[in-house]
Amino acid sequence: MWRIESARVIAGLTRLTRDVGLAEDLAQEALVAALEQWPQSGVPENPGAWLTATAKRRAIDLFRRNAVAQRKHEDLARDLATLERTVPELYSTLDDPIGDDLLRLVFISCHPVLSTESRAALTLRLLGGLTTPEIARAFLTPEPTIAQRIVRAKRTLAEKHIPFEVPGGPELAARLASVLEVIYLIFNEGYSATTGEDLIRPALCEDALRLGRILAELTPREPEVHGLVALMEIQASRTRARISPDGEPILLFAQNRAHWDNLLIRRGLAAIDRARKIGKPRGPYLLQAQLAACHACARTPEETDWPRIVSLYTELATITPSPVIELNRAVAVSMAQGPQAALPLVEALANEPSLAHYHLLPSVQADLLYKLGRQQEARIQFERAASLTQNTRERTLLLARAASCG
Amino acid sequence: MRFMVIVKATPESEKQGSLPDPELMLEMGKYNEELSKAGVLLALDGLHPSSKGARVKFSGKSRTVVDGPFTEAKELIAGFSMLQVKSLEEAIEWVKRAPNCNPGGDSEVEIRQVFEMVDFAPVLTEEQIQHKVERRAKLPNQTADK
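Same order as they appear, the protein sequences are chains A and B. Okay, so the first sequence: first residue is 1 according to the numbering used here, each after it adds one. Okay, so the second sequence: first residue is 1 according to the numbering used here, each after it adds one.
Read the hints as simulated data drawn from the structure, not as lab findings. The beta carbon of each residue, even a glycine, is placed where N, CA and C say it ideally should be. Don't take every hint at face value.
[Claimed, not checked] The following label-pair restraints were derived from C-beta to C-beta distances:
(1) 57(B) / 245(A): 31 to 39 Å
(2) 33(B) / 263(A): 18 to 26 Å
(3) 40(A) / 96(B): 15 to 23 Å
(4) 126(B) / 350(A): 46 to 54 Å
(5) 246(A) / 6(B): 34 to 42 Å
(6) 126(B) / 280(A): 30 to 38 Å
(7) 273(A) / 48(B): 23 to 31 Å
(8) 6(B) / 391(A): 42 to 50 Å
All chains, full assembly: derive it from the sequences and hints.
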């Protein structure tokens with residue numbers, strides 16, 4: 001019940017109190033009251049409305065008490081004004097535009113004044129309904145650290161008087177990007193978990209998907225939101241196929257495609273469709289989702305539409321230039337047009353400082369050289385890649401390939 | 001985790017050419033929208049009456065086809081949905097909020113957990129998890145907070 005209602009209750013209370021921390025405390029108190037009363041009185045018809053009304057009454061009591069205590073303070077006038085504003089709300093209908101409050105809660109939890117880690121913790125706590133121990137466990141972080149992160153985040157929001165609102169105009173895009181970043185971070189934290197890990201960690205993927213789906217319903221006109229949802233749905237569709245029973249990751253082309261989850265792939269494709277129908281220019285999440293869809297739609301690796309992947313990477317590199325994207329584009333070019341076309345693209349990245357220790361650069365280069373019959377040069381690059389990788393298994397593989405160059 | 005919510009058939013849903021009552025359809029639509037908005041609904045579908053279906057019976061190597069309709073409405077299903085939620089309790093809570101498919105009468109919905117990869121995976125021991133927490137705490141920038 002808490003998981004279903006908490007986000008909406010907290011969102012409604014934040015609008016009332018203008019303080020996320022206080023809103024959550026009040027909601028928790030209302031939950032305690034519910035656990036005491038409902039066994040006797042029975043569960044009310046609309047549990048969410050009951051919780052909100054109970055918490056609102058407590059909020060008003062609190063404001064009254066504070067107002068009395070602070071009579072001598074200059075704040076009195078302002079408190080009374082708050083009181084006057086809030087009391088009628090208690091009696092107003094309970095079907096407020098809940099969705100708007102929820103969206104405001106998303107934006108405030110992911111506000112850029114907070115560090116990315118704090119945003120993730122606060123979002124999972126307020127919107128995902130996770131407890132602090134659950135969040136700590138999912139992020140493999142000590143519980144006091146997460147607790148402190150959440151407390152500090154709430155304090156920062158209060159101290160900086162961050163408004164409880166949906167940003168408008170040009171600010172919206174930047175703020176939305178911050179929200180999407182947090183959701184994707186939560187997803188990747190779960191996605192990087194391996195077989196045998198605590199169940200709470202992989203479940204982060206589901207938490208992120210749920211947050212993304214909620215956001216997509218709240219902001220149906222934002223293609224990047226659908227893009228992120230699509231990207232996560234398609235990546236999640238490979239969960240079953242991407243790790244071997246002994247915990248080793250299986251690369252995309254070696255995965256058993258029959259183990260991909262078709263339900264999630266269909267949902268991902270539908271989300272891409274929704275994004276495209278909006279008719280706004282596509283952003284990085286939608287492009288990445290479309291890249292993922294190229295693989296998801298190929299029944300075998302041979303069926304992969306490489307020319308399309310090249311063109312998507314080209315567009316992605318234009319919007320968000322990055323050497324890693326260039327390297328990926330080069331791999332796609334080699335698949336679409338052959339190693340000769342791709343080699344100059346890879347060689348152009350040789351002096352890129354951010355890739356200086358990236359083992360995949362020499363590894364890709366070695367593979368292209370090998371295919372072109374330039375064995376000696378390939379061997380040197382395979383050995384270089386082997387010296388850069390942190391993964392023992394991968395090193396063994398690369399050294400074996402180096403040895404095969406003769 | 002994923003749950004399949006199985007809506008059992010009623011004499012009404014088994015009637016030939018029957019379509020659900022429009023008022024019920026509207027309520028169902030609202031309910032499903034709630035599920036969608038909460039990000040928990042993965043898929044849903046309704047089924048035609050069993051008169052449009054068939055059964056294949058297996059006996060050793062032989063296969064016998066029996067055409068519908070089938071009796072005992074309670075044993076038949078009329079529709080299903082797939083929910084992604086945190087627990088059986090949450091799935092139950094959602095299902096309790098659904099409208100009764102047989103307004104004024106009896107109907108039944110069954111909730112079953114779907115097998116997923118994690119169900120086959122070994123789970124780490126408490127020490128292994130603690131070890132990971134400690135290892136991660138030593139990594140730089142992990143606890144950096146503004």
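Cross-check of the supplied hints:
no., hint, verdict
1, 57(B) / 245(A): 31 to 39 Å, "35 Å, holds"
2, 33(B) / 263(A): 18 to 26 Å, "20 Å, holds"
3, 40(A) / 96(B): 15 to 23 Å, "19 Å, holds"
4, 126(B) / 350(A): 46 to 54 Å, "47 Å, holds"
5, 246(A) / 6(B): 34 to 42 Å, "35 Å, holds"
6, 126(B) / 280(A): 30 to 38 Å, "49 Å, violated"
7, 273(A) / 48(B): 23 to 31 Å, "27 Å, holds"
8, 6(B) / 391(A): 42 to 50 Å, "44 Å, holds"
Taken one by one, the earlier hints fail for this structure only at number 6.
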